[in-house]
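Student: Residue-level listing of the chains:
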Amino acid sequence: MQITLKELKPGEKAVVAQITGQGAVRRRLFDMGITPGAEIYMRKTAPLGDPIELTVRGYELSLRKAEAEAVLVDKK
Amino acid sequence: MPLRFALAGNPNSGKTTLFNQLTGSTAHVGNWPGVTVERKEGRYRNKQIGEEIQVIDLPGIYSLSPYSPEEIVARNYIIEQNPDVIINIVDATNLERNLYLTTQLLETGRPMVLALNMIDVLEKQKDVLDSALLSKQLGIPVVKISASQNKNIDGLMQAAIKASKEEYTSSSILKDSSLGKALDDVEEILVSLGIAHPLYHAVKLLENDSEVTKSLKLGSRKAEIDEICRVARESCDGGDCEAVIADLRYRFITKNCRPALKAAPRLEALSASDKIDKIITHRIFGLPIFALLMFLVFHMTFTENLFFVTDLPGPGIWLAGIVEGLVEVATNGMAALLETVGASALITGLVIDGIFAGLGAILGFLPLILVLYFFLSILEDSGYMARAAFIMDRLLRKFGLSGKSFVPMIMGFGCSVPAIAATRTLDSEKDRRVTIMLIPFMSCGAKLPIYAVVIPAFFSEGADLVTFGMYMLGIIVAIICGVIFKNTLFKGEAAPFIMELPAYRFPSLKSLGIHLWEKIKGFAIKAGTVLLAATVVIWFLSSFGFVDGGFGMVETNSAESILGYLGNALRFIFVPLGFASGPNGWKAVVAVLTGLVAKEAVLTTMAQLYGVEGDVLEDDGASGVLGVSLAASFGSIPAALAFMAFNLFCVPCMAAVAAISQEMNSRKWLWFTIGFQLVVAWIVAFLIFNIGTLLGF
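For the protein sequence lines, the chains are A and B, in the order given.
In terms of numbering that gives the first Met the number 0, the first sequence opens at residue 0 and continues consecutively.
In terms of numbering that gives the first Met the number 0, the second sequence opens at residue 0 and continues consecutively.
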């Protein structure tokens, strides 16, 4: 089932399918290891509900829901 | 020419720690991404190695297509300055993402050595890392080190020296892929055109990274290259070379490099860092913990009733008391000495009323500044600051800032100058400008002494609460201004927020020591130069003037002195703010003016103008006496609060103005910032005085 990273719930895992959008943000996401095929573990959302924290390629990454919306994932 | 070794790697991978070990320098190390914002140079000190070596510490980068200003510093150095060797420092506990940059650095064609850092942490986890396999896969020497424990640093340097003497060519892991042919073709054309770093630029052309490729002079071959790139892009999934190239790099790392690491089975599902994180960034407890930590930091620094035990001073106040005592002894000793040798009134005046009164007054507050800095450093080194950015982002965004503004803002409580430089970690120009303008509203260490003297003079109880209130006032006004900016000057989309959260670390004593030492050193330099000069100048201006048609020494601190004239001339601006009324009002005006040079000078000036001397010291100490004079001068609580508020919000100090000028990189914005801060200072002070007076305080 393909959803956006934003919709992934804490504790769930997914595999990155595609990154929509363009420009610097997209490139930054690639650089940080969010590429098609990368496994993502959704750790939590911040106390105020945004941003989110996830584990990707063995480290912890934080991004806003606005950025997470551009990442399409296949839920495991 | 000495050999130039550049330290390149991801943020927070230990470059600065290694740099300090190599050069014996004491550069600032922290545990949040982006501590190093500018490149630093130093000499490698080892007599056994005959070569002269210059080491360059670069800001951390995640890739060679960076987009924040401090990352561009690093990329440009590597591409334009051609260092003799790149020492690519890699966090061995976070191999996969760190090696991504490595695959890009290989394409620049500089000799390279891979330094596998934090090997001690890896060994503790009982993980095994096969550096020979890694070396074979990447085609470069690999050396295991631990920068923090100074392990195998010399071995790394020997490998780097060896690498600098060998032939080296660029290579790319993309060559074995489906894009290999196109890459070869473009590279060949670039070589024939004599373009530097042909392989690196060929990759950039395929990625369609116009930021980098627009400056290339391709001439008549442009069409040819465009065609190759077009065909290559079409062969990529969805016509998207950029995604394919990033994917190929990570795929290479997963396939060829990951096998080098044999991770020991973890006994527990959660690491210590995970457990700490679970509590600290907890949905419900996260914010209260944040508030509690901030409260503790300020409580430890300022309270006279530690943990609410009456008259038990916190570490800050306790140390300050000791230093004040020492200053008193030194001043009395000096006065006695001058009397014995029969020094003239002029000399005694200069030394005792000028230098000792001036510098002594600030010295007493150095402990407060250091204690505050000590606790902030612990938070920074442990990795908490990055979590604070994570927790606060949502809120800060409402005020036109970013979570990443949070760390520079907090640093502002120590000193605005490094805080303003730290805004380079922000990706968007808009966020940077707002953050720079608002940082000086955070009460810095030099503003603290003003509060510490003025507040006790007016509030016999709850002085620490009022001090806390001044800090809060700065924050609240910053928030209001942030909201105004967001809806006027800086309208539009929020910039992206993509940030690594580093693993928690136990702060090292050495690193904390370095932080404090830096602070003391900075203070000593300032005291010995700017402040010393200021105290002498102020003493002169306050002791000389025109009387009876001639120029000469007048009664010190009288309205006849030059300062008296100056203060009285500018008084009209400050009269609506309350603190410039009364016969001594001009003194407060002069204090504000000298504060524009350095905020420490506000207190020095007041100590001199209100004539606090060593021999009039009683049990209360110099600050107590000064406080009594101030109470008489200001007259009312609202006037005193307005005075503090004006000093808090008006232009911070010369050093900060220089930093603002450099970071804004625009005259227009510099003047706008200065004007903005003066206007805010006046308005806030005006409101405090008049509303306070209306309410009958």
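In short, the hints are calculated from the structure, not lab data.
Incorrect hints may appear among the rest.
Not the full set, but computed from the structure, chain B residues with beta-carbon under 10 Å of chain A [to be verified]:
| no. | residue |
| --- | --- |
| 1 | Y99 |
| 2 | S147 |
| 3 | D236 |
| 4 | I244 |
| 5 | I252 |
| 6 | L286 |
| 7 | R393 |
| 8 | I475 |
| 9 | I478 |
| 10 | L500 |
| 11 | P501 |
We treat Cβ as the ideally placed atom computed from N, Cα and C, and that holds for glycine.
Student: Decide, hint by hint, whether the structure agrees.
Tutor: Against the structure, the hints come out as follows:
1. Against a cut-off of 10 Å between C-beta atoms, the interface hint on B/Y99 holds, since the closest Cβ of chain A lies about 7 Å away.
2. Hint on B/S147 is violated. Least Cβ distance to chain A is approximately 19 Å, over the 10 Å limit.
3. Below 10 Å, beta-carbon pairs count as interface contacts, and B/D236 has one with chain A at about 8 Å; its hint therefore holds.
4. For B/I244, the interface hint holds, since its Cβ comes within 10 Å of a Cβ in chain A; the closest pair sits about 8 Å apart.
5. The beta carbon of B/I252 comes within 9 Å of a beta carbon in chain A, closer than 10 Å, and the hint placing it at the interface holds.
6. Proximity of B/L286 to chain A holds as hinted, the smallest CB-CB distance being about 5 Å (cut-off 10 Å).
7. For the restraint placing B/R393 at the interface with chain A, the shortest Cβ-Cβ distance is roughly 4 Å, inside the 10 Å limit, so the hint holds.
8. Because the closest C-beta pair between B/I475 and chain A is about 19 Å apart, greater than 10 Å, the hint is violated.
9. Because the smallest distance between the Cβ of B/I478 and any Cβ of chain A comes to about 15 Å, over 10 Å, the interface hint for this residue is violated.
10. Contact between B/L500 and chain A, as hinted, is supported at the beta carbon level, the nearest pair being about 4 Å apart and thus within 10 Å.
11. At its closest, the beta carbon of B/P501 sits 8 Å from a beta carbon of chain A; the interface hint therefore holds under the 10 Å criterion.
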